[in-house]
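A.B. asks: The lines below spell out each chain.
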Amino acid sequence: MLRQLKKEWPLHVLLIPGLIITAIFSYGPIYGLIMAFQDFSPAHGFWGSPWVGLDNFRWIFSEAQFQRALFNTFFISLMKIFFGVVTPVVFALLLNEIRLSSVKRVFQTIIYIPNFISWVILAGIFMTILGSRGIVNTTIGLFGLGPVDFLTDPGNFPWTMIWTDVWRRFGFGTVVYLATIVSIDPGLYESAVMDGAGRWKQTIKVTLPLMTPIIILMSVLALGNVLDAGFDQIFNLYSPSVFETGDIIQTYVFRVGLHGANFEIGAAVGFFNSVVSLILMLIALSVAYKVANYKVF
Amino acid sequence: MKKLFVPLMMLTLLLTLMMVTGCRNQSTRSTRDAVPVPAGGWDTPFETTVNITAVRDVTAGLLFDGDDTLDDNPWTRLFQDRLNIEVEYVWTMPAGAEYTDRLNMAIASGEIPDVLDVGFIQFRQLLEAGLLLDLTHYYHNYTSERIRSFADRSPGTLDTVTVDGRIMGIPNYYFGVIDQPRTMWLRNDWYQEWRAEGGPELLTVAQFEDFMRWTMDEKGAEYGIALENLLTWLFYTGPMFGVYLGNPGGGFGAGTHFWYPDATGRILPGEAHPEFITALTYWARWFEEGFISSDFAAIDSARGEEDIVAGRVGTQPWLQWNGWVNSPHLVSLWGDDAYQIPINFPTIPGVELMGQANFASGTITVVHRDFQNPAALMKMISLADEILFCLDSELTDEEFHDFTAGRREWAPVPFRITDPQTDILQYQHVVEALRTGDTSRLYTAGMQLKHNESRAWMDDRDPSGLGSYLQMGRIAGSAYSANWELIERGALIRNSLWGPPPVEFNDIINPSDIILTGVTQIIIGVRPVSDWPSILAEWYAAGGQAMEDAVNLHFGQ
Chain X
1 MLRQLKKEWP LHVLLIPGLI ITAIFSYGPI YGLIMAFQDF SPAHGFWGSP
51 WVGLDNFRWI FSEAQFQRAL FNTFFISLMK IFFGVVTPVV FALLLNEIRL
101 SSVKRVFQTI IYIPNFISWV ILAGIFMTIL GSRGIVNTTI GLFGLGPVDF
151 LTDPGNFPWT MIWTDVWRRF GFGTVVYLAT IVSIDPGLYE SAVMDGAGRW
201 KQTIKVTLPL MTPIIILMSV LALGNVLDAG FDQIFNLYSP SVFETGDIIQ
251 TYVFRVGLHG ANFEIGAAVG FFNSVVSLIL MLIALSVAYK VANYKVF
Chain F
1001 MKKLFVPLMM LTLLLTLMMV TGCRNQSTRS TRDAVPVPAG GWDTPFETTV
1051 NITAVRDVTA GLLFDGDDTL DDNPWTRLFQ DRLNIEVEYV WTMPAGAEYT
1101 DRLNMAIASG EIPDVLDVGF IQFRQLLEAG LLLDLTHYYH NYTSERIRSF
1151 ADRSPGTLDT VTVDGRIMGI PNYYFGVIDQ PRTMWLRNDW YQEWRAEGGP
1201 ELLTVAQFED FMRWTMDEKG AEYGIALENL LTWLFYTGPM FGVYLGNPGG
1251 GFGAGTHFWY PDATGRILPG EAHPEFITAL TYWARWFEEG FISSDFAAID
1301 SARGEEDIVA GRVGTQPWLQ WNGWVNSPHL VSLWGDDAYQ IPINFPTIPG
1351 VELMGQANFA SGTITVVHRD FQNPAALMKM ISLADEILFC LDSELTDEEF
1401 HDFTAGRREW APVPFRITDP QTDILQYQHV VEALRTGDTS RLYTAGMQLK
1451 HNESRAWMDD RDPSGLGSYL QMGRIAGSAY SANWELIERG ALIRNSLWGP
1501 PPVEFNDIIN PSDIILTGVT QIIIGVRPVS DWPSILAEWY AAGGQAMEDA
1551 VNLHFGQ
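Top to bottom, those sequences are chains X and F. This note's numbering puts the first residue of the first sequence at 1, with every later residue one more than the last. This note's numbering puts the first residue of the second sequence at 1001, with every later residue one more than the last.
This is chain X alone, in the form it adopts within the complex (with noise of 0.2 Å):
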């Protein structure tokens, strides 16, 4: 090891700016957890602010607002996850089937594309297609059917919140699985086509099982961070009459801490998300270790 480490030193040393960030962004701030154990006034400070133990975290608990947010993240964070992983998968596999490599590329660059937008612009660009005049409705009025109040119905507002995400993200998805389809042996078609299978009974016989390891891997690692549905999106396109069904533990926080001032709730809400965010990552490390021998560490 000495040996190794006195050979790469140098790529050792062009790591310190790295570290440096990490120790000071995201180290540092870590003792300001003690405000979730906090009445904490910002005035007093960390050291001056009185203790109160869990009271915090019984206060949030006790609170509607918070389990609603909470559900909702998990429902609508489970449902991207989902959609996510399906999504790309079928349109890997459609994608796949064309011949034509220069279409092909046209293809994932389009759906590419809209992964670099961020949520800011594409909110304005929703809002805009979704409302009541918008292009989707102003459709869907030629065949006598709608309005659909996409953004401010509770009902819809989630599935609106899942399916414009797993639009934004699902060619990065697609990108994924088609490399792995890609990478498997042409021997394994040309085996199946000895034995007669067509190209549906090709997809469902060797593509499909072979993806499976990096399907099961994309879920998983996803899974570890089922907390986090989605502050950017959420926060620029929801409203009042969809907190019911749209607000998340995120945004939840920005209300409750930094916009109300109230440090020690929305220290104690993130705390707990992320002591959640912990375990789930290591119970979703030690499937894909199991499952597909993917290991960080």
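Simulated from the structure, these hints should not be mistaken for laboratory data. All C-beta atoms, glycine included, are put in the ideal place defined by N, C-alpha and C. Wrong hints could be hidden among the right ones.
[As the list claims (entries may be wrong)] A partial selection of chain F residues facing chain X, derived with a Cβ cut-off under 8 Å:
| id | residue |
| --- | --- |
| 1 | Asp1101 |
| 2 | Ala1129 |
| 3 | Ala1298 |
| 4 | Gln1521 |
Based on the hints, put chain F in the right spot on chain X.
C.D. replies: The following block gives chain F in isolation, referenced to the frame of chain X:
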């Protein structure tokens, strides 16, 4: 690898150095020692330069001439030249929630400057932490007589910052009760056409509904009344239905209510008065009939204003200074007559219109306990007052322009407070000057500003004058003439919470989103009006009851 090694190492060291230097903690307080306060009046300059640091919110529309900036402008130069005081703004933020959030962060991290403006919640926090300087001695000895007279002209206001006989901050006061009631703003060109076609003056809600319908049928408006999803504009219309409401969307935990007694004398928030049900019923019907946009729940205030300017809607409930907001844009897009005009709210049968008045001196200028030269703040406040509000400020026209054009009367924040009779006096003197043409009684910079801007619109159709013109210069039809009518006939209802919010509010997270969500869902038809009592009960159970009890404890009879 070897070739790359040296440049990579250099890059690494450079990045590390940059990060370390970038993390240097910038001081938010001046470090000067105490400077002797010169003998003489408040306007005697310091012999040695006094440095003073501050933070501030930046007023919308604040503009400087040439290369001037917030740190170097006519006001900072005035303080330097007349008092030998140098001002440095440590940071600035746009006014509103962004400033409040940044201020909370600054207080939390201990980055407090020498002088800052705070609200009552932060005032209490800083006070409890012992971070504020006792200003009693400095207030009594180094402010002008005029500044001290504000306490008599706005009774009770100085008491809100006086703790155990010690003055712990300087209340910013406010412009006077005339700026409080809200009005309905109509597209002037549309309204004139409506009247020309025989449409009635809008005195009743039924007539107002007819007008909204007419704007949609005849003028191409997509809907009838501009509202936004935090319900602030909607709640302005409460007096139409005999109910008086606050600002539920003031932020989670910060939503404010308008409190007033019911028949038994118990103080309730407007939402708990029976008339609120009537208002909800009207609003739900307005949505159903298309007067309220079908996208209302997704429209924020910026989008609402965009719709007004684009001609998609022709009425808007708003505040007296609306003339600075949409009208200049309307005029440039739709012609000289397209500005918005204010009228008193029409009412439903049986309701006599009342204007709402809140305790408006909600901002306090405070001084960090370690600041060595608090007399400097007193001198600056007095000087700013002399320039803005005094008869004998003796400004030349050029100086007057420098200090007030481009909304620069707000440039000296937090070193200015407001004469509590400013706007009533301004209104009376400006109207008189416009009527008679005699400008000799326009004795303050503010009066001259409002008069000259009104004239600029009336004579030259200069859109930058529309704000003043519609606030007071449009003699028979300004926001202040509408409000003055209410004041003259005593039709004002004061918020029972007249002063700082009860201390108990510090421990209550106002569940205002229950109200926001409930009202919105009723309006858009997701829930029936009959659900309101259960929504209200939910609000009471989640903290509303504790708020109501605290208000009654401190402000009840």
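A.B. asks: Does each hint fit the structure? Answer for all of them.
C.D. replies: Now for the hints, and whether the structure bears them out:
{"no.": "1", "hint": "Asp1101", "verdict": "holds (6 Å)"}
{"no.": "2", "hint": "Ala1129", "verdict": "holds (3 Å)"}
{"no.": "3", "hint": "Ala1298", "verdict": "holds (5 Å)"}
{"no.": "4", "hint": "Gln1521", "verdict": "holds (6 Å)"}
Checked against the numbered hints listed earlier, the structure breaks none of them; every hint is satisfied.
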